[in-house]
Amino acid sequence: MSARALRAASAAVLLLSSPAGAATLAVRAKTLHTVAGQPIRDGIVVVRDGKIVAVGPAARTSTPAGAEVLEAAVVVPGLVDAHTVVGLSGILNQPHDQDQLERSEPVQPELRAIDAYNARDELVAWVRSFGVTTIHAGHAPGALVSGQTLIAKTRGNTVDRAVIVPEAMVATTFGESAMHADREKGKAPGTRSKAVAMLRQELVQAREYAAKRASEDPAKRPERSLRQDALERVLARELPLLVTAERHQDILSVLRVAREFEIRVVLDGAAEAHLVLDEIRAAGVPVLPHPPMQRAWGEMENATMELAARLDAARIPFAFQSGFESYVPKTRVLLFEAAIGAANGLGPERALAAATIEAARILGVEERVGSIEVGKDGDLALYDGDPFEYTTHCIGVVIEGERFPGETH
Amino acid sequence: MRRIATVALLTVALPATSAQDAPQAFVGARLITITHGEIESGVLVVHRGKIVAAGKRSAVEIPRGATRHDGTGKVILPGLVDTHSHIGGGWAADGSAPIQPGVRVLDSIDVRDAGFQRAQAGGITTVNVMPGSGHLLSGQTVYLKTRDANTIEELAIRGADGRILGGMKMANGTNSRRDPPFPGTRGKSAALVREAFVAAQAYREKLARGSDPDKKPDRDLGLEALLEVLDGTRIVHHHTHRHDDIVTVLRLQKEFGFRVVLHHVSEGWKVADEIAAAGVGSSVIVVDSPGGKLEARDLLLETGAVMERAGAKVAFHTDDWITDSRLFLRSAALAVRAGMSRDGALRALTLAPAEMIDLGDRLGSLDAGKDADFVVLDGDPLSAYAKVLETWVDGAEVFDRHDPQDRLWAVGGYGAGEPRAGPLCCFGEEGWE
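Respectively, the protein sequence lines represent chains A and B.
Sequential numbering from 1 applies to the first sequence in my numbering.
Sequential numbering from 1001 applies to the second sequence in my numbering.
Worth flagging that the hints you see were computed from the coordinates, not collected in a lab.
C-beta: ideal position from N, C-alpha, C; glycine also.
You may find that some hints are simply not true.
According to the in silico footprint, chain A covers these stretches of chain B (three or more CB under 8 Å from chain A) [said to hold, decoys possible]:
hint, region
1, 1187-1193
2, 1283-1291
3, 1295-1302
4, 1330-1338
5, 1408-1414
Estimated spans, in silico, between C-beta atoms of each pair [claimed, not checked]:
hint, chain 1, residue 1, chain 2, residue 2, range
6, A, Glu176, B, Lys1216, 52 to 58 Å
7, A, Glu176, B, Arg1219, 42 to 48 Å
8, B, Thr1151, A, Ala36, 43 to 49 Å
Using the sequences plus the hints, can you model the full thing?
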């Protein structure tokens, strides 16, 4: 039997025992980390019709009659991956399953992740099996402006069934990886300054476009431009600019552009953020630090596994992400990355927050996910021990009341 | 560890000398010996680069004049042996041919590469530095200790005859299938390898034709190296992922009789019985997700566990940069997560890989007479929270987490990627003493 068949078979067994839309599910945990307060010893969380309807100590929280009951040593909110390319950058790494980066033009904000997201890619199920229930997925770093991201649950066989926010941010890249592949042939951008100039020009044009589009005289309105529509939403602060920038000078350029256009930005990667913490904090910009295990080479040469702890100490909002991998492993796993952050100065409690509620806040979906509270989505991850220990297992996942298998060893 | 302050110029030799002259005793640590169990509150004594004793406190006499190290609350295990690494940025074969046995990776390694410091920070004391996998045979590998050194010769592990030890890197599957002169199919790949070994056999016959110098063939460095492979003095380290490629390696091994270690072995779980029956070792890669290339699609965290149950000999490797040398312990821990035994997984970081590079008698366990290569941890080696505190090679400390420069290499930060500087790096900055 192939690995895929094994994984599919074990998924099928669990699905059979979990009728779709099971009305009520109760999960009892020796330790229940709600991330909305102190951990609850011997706690229960009740999910009905996809939503959390009760949370509390088992002694004071009743399990509804007829509810299916699951038990685990540790239960946490479903993990929220603050930035990944899962669903766009497929498991095989062959041209047909790689939709994470379009390099035909340096600026293409009109590209939408929802038009490429493959909800059936095996890596979606892979990261879910470790407890990841929500992902902010989109275009990979590598083009100056690469497209619009989405936020999805790691379930559903179609993008429409999976997505909760179809257009979340506009992904951009500053620094060496944003340079055009053909810059030797004179293709722009070929330098940092050129890249920033191009982006500023785009934003200026989009601002003028927006003003003209708002004109009362239809004759004065310009023809619709998908590209400028997307940037107009950035200028209107509807969509943040997600900017991958590793070097300290690139991070400062991001802050400069954000200030000039009064747009919302989220810093991504930020390997050298530890050199400009004061500036980032003053700008009020949240950071999605690179995965702690990301390889420290090239623009990442000054990366530190303690970046999350440094951001936390500086009181800068941050959340963990799995990032983008172009080869092996094809994706990092948020749980594993948060564990390294936990072990390198952050501690397990803050690491769990950075893998759940902090990510939900930066993504703007904290009303639905990120903590175990009444009224939120019934998204849970079940473990047989400390989730961050290497030898612990994820033994099951719940997404809006629907059960999924954990690891299948 | 490097000593950058100029003041260290005068003193750097002293600790090294004393480390050699006075015995060192690590008292009270949990010793993970690999060969004789885990010993709570044990004593490890090392002297002149070798282990003198490792056992219960009641059973080990601490020599007079020994430098004592308090091991309370700490864990000591043998220095980790990485059978497959690319630290030092070495590159052997070029694009001119798919089979280049005469090329040595040792001629291209940067001994100051920060990769060696990261390996020390991860508790790795021995590495098999390999050329890449884009060739059927990309050259000779080299077995190194992770000392701080100025030359590759200082790092090299030597045999009894003084020869620098290493293996031969080979590969099959997709990485070595390229445009001509490289093979385009798996069948062609195997045929080219067989022709190379047949040529080596013919070369050996010519060499054996008597002592007349006129009849001897011209020296051929490549064929000489292949003869070492055929004679079993140079082990083949064979990159291979897919189940059919693994079986092809076993077929060629049987035909020519060379000694081989399978590397990566992503689909080894599908042919674990065949691998066990062939009696060859497997050095397994542990990565966080499958895929990234077609032949790693069915890679599982369970590979180590399945192979262990089948009775195959298992080691792990970093393949640094694929995984990070600083996190090598994690490979074993994830294998335990997926069902491997604790003892088997710890052995797969130490004695098993040492045996796979023919150094099982010198490395890989806390036994008297072996090289004094060991790691001091502040917790269990399979815990995510455990840190490598110290790494010792041949009885000398090469990594100390309390040293700011070493800590930089361990966790990263500004300057962590810079190559290690020599002892004169800071002349003039802090004054000459």
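Numbers of unmet hints, in rising order: The structure conflicts with hints 1, 8, although it agrees with all the remaining ones.
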